[in-house]
Each structure stands twice: as structure tokens, then as C-alpha cells.
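Asker: So the sequences go chain by chain: A and B.
Numbering follows the working numbering, in which position 25 of the first sequence is assigned residue number 25; successive positions increment by one, without gaps.
Numbering follows the working numbering, in which position 220 of the second sequence is assigned residue number 220; successive positions increment by one, without gaps.
The reader is advised that the hints may include incorrect statements.
Only pairs whose alpha carbons sit at most 27 angstroms apart, straight line, appear in this in silico DSSO-like list of lysine-lysine [what the hints assert, rightly or not]:
(1) K124(A) / K170(B)
(2) K170(B) / K199(B)
(3) K124(A) / K124(B)
Everything labelled a hint here was simulated from the structure, so no lab data went into it.
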Amino acid sequence: MVTAGIDIGHESVAVVLLHDTGPLGHATFVIAGEVGAVARCAFEQTLDRLGLERASIQRIFATGIGRENVALADGHRTPMLSHARGAHWWFPGTRTVIDVGAEGTRVMRCDAAGNLTDFALNDKCAAGSGVFLESVAEMLDVPLAEMGGLSLSGSRSVVLTSTCAVFAESEIVAEIHRGAARADILWGVHEALVAKIVATGRRVGIEPDLVLTGGVARNVGVVQALREQLRMDVAVPEHPEIAGALGAALLAREPAGAA
Amino acid sequence: MVVCGIDVGARTAKAVLLVDGAIAAHSIVRTGPESAAAAAAALDRALAGTPLRREDIEFTVATGYGRVVVPFAQKNVTEIACHARGNHHFFAGVRTILDMGGQDCKAIRCDAAGRVTSFLMNDKCAAGTGRALEVMASLLQVPLDDVGRLSLEAGNGRVTISNTCVVFAKSEVLALARQGVPTRDILAALCDGVAERVKGLLRAVGVEEDFVISGGISKNVGVVRRLEQKLGTTSRVCFEPQVVGALGAALFARDFLGRTA
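Construct all of the structure, not just a fragment, from the sequences and the given hints.
Answerer: Given below as C-alpha cells:
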């Protein structure tokens, strides 16, 4: 059986095609234009790349914030269910999943079978989101992909006290004027972001094994700050940005009516 | 008797000079990276319009975020107490104060003597503070001083902005602007959003008249009108609402001086 999962986030679309033994392939796309059209295009390109026919896909599930706009999907599942299932597939010991995306944080608790048992969301505030990192990267003129690595070389001298991304921006400007090194500011930014993520997680409890998913999981500064603040190991899958799509594809192969 | 009140806020520093209990001069300057320098600049600007010199000042009280870094102040007092005191000076009947500045928003209740009885403050989130409107004004390239007036000229096409977070709302505002929604309509939605946030804070402390608005936001008619509508009440604003905290500090300075004399 081959199923597909399509995850429509705020800034990107991820597609996973899943065979009985595991993923056949995956792809991510930046959203530009109407979401339904982007989803179709992403799905078709992924099929082409793998040389698969549309007819060979038995069921397609959509997930993510834009899941209801995917006309070609046979059904949809919440991102909380999908991320829990995706993380569990990679790490069967998973009990907590933290998904940090462009526009917020989701923390999922799950049982030994990868079923969702509880979750907490922060989608109201940019301080715990990838958008915050993007704006800081722009302010400090650092490529987004390098900011985490650079932060690890920073000292622990910059502490941002603001809980708001807008106010933090002023604090960063003040640090720049004060002559603080870029790497030091970056570490302070990562600490502040992670403190916000941890606060969301505490609402449901954070138990090991902990898995970090979403595009922000590629940021080693976030991973390190999370390890330090939680004093817990943090597992990061090889492709953290496709966790939701993988979960949706896994859910799609379960009997109808399940989940 | 010459006393001085200095209010070092997140965005501006203010000074008020009281000579024998009357306001002799006041000033507002931008707060730069150095709060102490901003405080000194505010003081010098206020002195510049008078025959007074720094040495003539007998007592100085500092308030606001930067109150502990004002080197020439003898004492500091919280901005909550100073705003209640300053507003009470203008309006003896004041019982509820909304003070909204660049980086926070306070709802203050006080008694007939101008003493604080309770307060609530939002200094954690830019939504519902003056900063939200500063950010949006700059995004839409509208002078901050014009935001309120333009928002009241909005057409009938109702626009709503669903995000509370200023960062997320920026994307929404840009999308609306790109769709060709008139700027005044977007500003109307933004002013309404700010008023709605502030209403929540005020309702939580309870609104009893007289209701006074101080801080920079009181100069924004778009927020003030909408807030009055939402609360079903009218508000009062003193002649220079941004210096009310500094005035309160100066009044406390006069008390301290009277006690030590």
C-alpha cells in the first residue's frame, strides 16, 4: 500500500510518499500563491520525481494549518496527531514532540503506540516561532541556516529579558549599540526563544524521549539551548521538516474511521 | 522652591520643573541607548526655556523604566504612583487612569487623594501598547501623529485583523495593503485592535469615573474614541499627557523636600 501525506504550513508544503516499509521519498516547497494549487503542484512534482503514477497512491491525507484547502486529499488529520505519529515512527520511544514552525510552537504528548494523549499550542505569539528567528537573522545579517551554529560560539553574556518578539528587537538593537558580539547576541536570542517554547511545553509536561520536529529543528542553537534548559536529550530526525507529512501518510494507511 | 521630576520611559524621557508648585517647564526627548544621557538631555531641554540652572533644583525624583539610572535624582518612585499623582493634580476627581506608552500599558485605580488602590499592567506583549501602532505606522508609511485621525476617516468596508501578535499582524497588514485595501481602513482595524486589548485590561481593574487617559496614546483620537465607545464612557486628557508621570515625580519631589526641610 502506498499513501501520501501533505503538510501545509504557513511558509512551506511538505509531501511524503509512504510504502509499507517506509518513505519512498519526500519533498518540500515554499508556498507562493494559492495553497490548494501549491499543494497539487507539490504532490505532482514529488510523484514525477519518484516516477510514480497518481493511481498508485491509495490514500492521501493532508495536515497542517492549510489542510482543509487540499482538494486532492481523501481526508485530513490535525498537525498534532500527525507530528506525534511521524516522530514515533522515527523514534519509537517518543513521549514528547516539540514542533517549532514559522508561526508557532506545538508540544504533543504521546503514548507508546504514538497516539496523541495531550498537547499545548502557542500560535498567538511570535516569540516562540521561527518567524522570530527569521527577523533576527535579517537584523544581524546572518543567513538563517547559519545562525544556530554561530550562536554556539557565543558567550553567555547577552540575556534578553523581553517575552515579546517586538520588544526583543529593541533589546537587540541596544546590544548592537553596546558593542556586543553577534554570536553573543545570537545565543541570547536562542535562549529566549527556547524559554518560550519550554513554557508552552510545561503546560503538558515534557517527558523523555523528546523529539524536535519542524524546520527550526535544523537549528543547532535551538537544539543546544533546549538540551540545557530541559537537562534532557533532544532527538532530531534527519528530515525534521517532513514529520507532519510523514505522520499524515502513516495515518492514511490506517483503516478508515481510525484515529 | 524648585523641584524636578524625570520620567525615563522606554521610548522617551520627560522632565517637569516645578517652581513653587507651578509647572515652570517641561520637555520630551527620545530615549537613546543610554538612559542616563536621555535623562540629562530631558532636564537640560526643560531648563533651556527658563532662567534656572541645574544647581537651582533642590530635589529630583526619577520614575519610569530607567528611574534607577538617573544619576542626579535623590529618590525614585514607581511610575504607577507617579501617574496617579500627576493625573490627580489635573483632575481631582480621577478614579481610573489608563496610561499607555511606547512599551507598556497600565490600568490604574486611585482614591480621592490620588493614591493608587490597584493596578494592572501589560509590559509583556507589544499588542495593546503604543509600540504596536508605531510598528504599523512605519510599515504603512504614515506619520504616527496621523494614525488616529486617518483611522476615523475609514470607509464602510470593514477590515479585521485576526492576529493579536504584532509580528504576525504585520504580515496580515501587508497582505491587506497589497490587496488595495485603503490605508485608513487598515488603520481603523489596528486602532480598534489596540482599543480592544486595552479594554480588557481596564475591565479587569474596573472603570470608575472620572476616567483619564495619559501617555502617548492619548494623542491618538482613533484609539481614544473607540475605547470610549467600547467602555460607554468619556475620557479626559490633560494638556500634555506624555509628561504626567514626570509631573507626578516632581510632586513627590516637593513632598520629600517638605519633609526634609
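Asker: Does the alpha-carbon distance linking K170(B) and K199(B) stay inside the 27 angstroms limit?
Answerer: The hint holds at about 22 angstroms.
Asker: Given the hint that K124(A) pairs with K124(B), test it: the Cα-Cα distance must not exceed 27 angstroms.
Answerer: Holds, at about 13 angstroms.
Asker: Is the hinted pair K124(A) and K170(B) satisfied, with a Cα-Cα distance of at most 27 angstroms?
Answerer: holds, 13 angstroms
Violated hints are absent here; each numbered hint is respected by the structure.
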